[in-house]
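Undergrad: Chain by chain, the residues:
There are 2 protein chains.
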Amino acid sequence: MTDTVISSHKKEVVIGFERPFVVIGERINPTGRKLLAAEMAAGDFSRVISDVQAQLEAGAHMLDVNAGIPLADEPAILAETVKLVQSLTDVPLSIDSSIVAALEAGLSVYKGKALVNSVTGEEDRLESVLPLVKKYGAAVVAISNDETGISQDPNVRFEIARKIVNRAADYGIPACDVVVDPLVMPIGAVSTSGRQVFELCHRLQKELKVNTTCGASNVSFGLPNRNGVNAAFMSMAIASGMTSAITNPLHTEIMTAIMGADVLMGHDQDCMRWIRKFREVPPAGEGGEARGRRETRRRRVEA
Amino acid sequence: MTDTVISSHKKEVVIGFERPFVVIGERINPTGRKLLAAEMAAGDFSRVISDVQAQLEAGAHMLDVNAGIPLADEPAILAETVKLVQSLTDVPLSIDSSIVAALEAGLSVYKGKALVNSVTGEEDRLESVLPLVKKYGAAVVAISNDETGISQDPNVRFEIARKIVNRAADYGIPACDVVVDPLVMPIGAVSTSGRQVFELCHRLQKELKVNTTCGASNVSFGLPNRNGVNAAFMSMAIASGMTSAITNPLHTEIMTAIMGADVLMGHDQDCMRWIRKFREVPPAGEGGEARGRRETRRRRVEA
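Those protein sequence lines, which keep their order, are chains A and B.
Numbering-wise, numbering that gives the first Met the number 0 puts 13 at position 14 of the first sequence, and it's gapless, one number per residue.
Numbering-wise, numbering that gives the first Met the number 0 puts 64 at position 65 of the second sequence, and it's gapless, one number per residue.
These are calculated hints, taken from the structure and not from any lab test.
Keep in mind it's a predicted model, so treat the numbers as computed, not measured.
Do not rely on the hints blindly, as some may be mistaken.
As the list makes no split between identical chains, a pair holds if one copy fits it or if it spans any two.
Below, in silico cross-link-like pairs of lysine to any residue (SDA-like), each with a Cα-Cα straight-line distance of 25 Å or less [said to hold, decoys possible]:
no.	residue 1	residue 2
1	K205	G58
2	K276	T191
3	K208	P153
4	K276	V189
5	K33	A71
6	K276	S190
7	K134	R124
8	K276	R194
9	K133	K208
10	K134	E121
11	K276	A188
12	K276	M184
13	K276	Q52
14	K134	G67
15	K33	I98
16	K134	N144
17	K208	E198
18	K276	M254
19	K208	T191
20	K9	L87
The following block holds chain A by itself, in its conformation from the complex (with noise of 0.2 Å):
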């Protein structure tokens, strides 16, 4: 059992096998939002505000924040990013940042056990980005690339993920904090990409016992219906093992898939988190009705 506990100054989340699946809001992410990049760097935080807002009413259980604005100060925004939406909200956040100096200011300002987003296992980044991890108390992700890119051999991805563990633990830092992203690249360039993170999160969990993550909305890039295939690929890297996903919780699809997939793999205790959600749905036809059962809104109590 590993259980990677990310907290802010008044409420934990813990990441886990035998847990229900941890949701990390994307939105907070000026990259590809020109708008909101713009507003960002002229000090407008409005639209973070309210973005905080929808994906928390629309389910996260943590929040990214991102800063990334070419030529802005951005240890400065992620830094005043990170108070902002500590003020606003209690789920803990993951700091998210490819400058370390940012992620520095972002750390040095949070109140709580951040979750820092991210390493590879370049050299440089492992003895820039840990060092900070350590230093903060943090939990970090794990991103399984290195200075010779992105294999297609999941065997590499793997033995990434093993070398930044045991990198993390020389600093002191204990694999139940490290969480891996088994990296997952679109299935319409690369058709075995789904496959990959399957196994990866299957061998990450039973083998190197540590918890997983992945930015999701990556599988689909270039189909259309990219929230059916996001759906269909969530509920089954959680059955494959995936324990946490940066997404985008606004795409109903997506929740529902996650929280289906929690149902099934008994995540969800007597059901209640989905029944709560959609006990006022109407039912959904006679679907099993052919296998002669009356429909009921009432769970049985027996099989």
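Take the given structure of chain A and dock chain B to it, following the hints.
TA: Then chain B, alone, in the frame of chain A:
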């Protein structure tokens, strides 16, 4: 590699580990459908005809045909329904009855290699159904329960499946013509039933090397938003190795989950079936934009 070939007089469908998932339409079944039962008993097959058409349009690859009407002459009605359905479509059929005489009546008029639904591990069923399967050169659904009922222990269910496969071999029926149903219990009653099935699918593929099917709708019995649970279940079962299901193709959530799972398993070459189906659907928003990529309907050609 295990291929189960089912055919009509004109068309083959192959169930296999490295092939697109096979959807067997469940609708032609009067169990729990009073109106259909009354009509079929009275010789009115108009609803059967419309059910054939609707399921094919929705993407069913095979159709299950059941004529289980209390107090009716089930063998005669099943034979008549099989003939009718084969006059309407080339897709192969699953001939479905709990009455051995009805299975024989259906098989005797069927053109092609049918799927017999079903045999269990019960001695009297094995001894009565398997000779029929052999006589007509059919394939058979093997349900993993026996005289002791449905075990909650996946190991017991696995051993029953093994027993049926071995007994079939005694009758000269190869393992590739046995499609095991690991039995799907309602998740609202048995919280481990999802994981039982996922584990069994995996073992049935890896150890027993047989194809699998199930009555998928049962998993959501008693819950609200059944299609949501069923859709997640289908994707997860496919990720675990399930290769076919008897389900309702008219529920678009379920078909989307199955098609998405085919994409993610690499079983939809170049995602062409997905793209054909969904290319008219507007892109699903900016889910990928936070990762810094432009929304596009063109598929990327490299990673």
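Undergrad: Taking the hints in turn, state whether each one holds.
TA: Hints, one by one, checked against the model:
1. K205 x G58: neither (28 Å within a copy, 37 Å between copies)
2. K276 x T191: Intra 34 Å, inter 21 Å, cutoff 25 Å: inter-copy only.
3. K208 x P153: The answer is both: 16 Å in one copy and 24 Å across copies each meet 25 Å.
4. K276 x V189: Intra 35 Å, inter 20 Å, cutoff 25 Å: inter-copy only.
5. K33 x A71: Classified as within; 13 Å inside a copy, 68 Å across copies.
6. K276 x S190: between (34 Å within a copy, 18 Å between copies)
7. K134 x R124: Within one copy only: 15 Å inside, 67 Å across.
8. K276 x R194: For K276 and R194, only the inter-copy Cα distance (22 Å) is at most 25 Å; the intra-copy one is 31 Å.
9. K133 x K208: within (20 Å within a copy, 48 Å between copies)
10. K134 x E121: Classified as within; 20 Å inside a copy, 64 Å across copies.
11. K276 x A188: Close across copies (18 Å), not inside one copy (36 Å); limit 25 Å.
12. K276 x M184: between (32 Å within a copy, 22 Å between copies)
13. K276 x Q52: Within. Shortest intra-copy distance 18 Å satisfies the 25 Å Cα cut-off; inter-copy 35 Å does not.
14. K134 x G67: So K134 and G67 pass the 25 Å test inside one copy only (23 Å; across, 69 Å).
15. K33 x I98: within (20 Å within a copy, 66 Å between copies)
16. K134 x N144: within (24 Å within a copy, 57 Å between copies)
17. K208 x E198: both (14 Å within a copy, 19 Å between copies)
18. K276 x M254: both (11 Å within a copy, 23 Å between copies)
19. K208 x T191: both (24 Å within a copy, 22 Å between copies)
20. K9 x L87: within (12 Å within a copy, 65 Å between copies)
Violated hint for the displayed structure: number 1, the only one.
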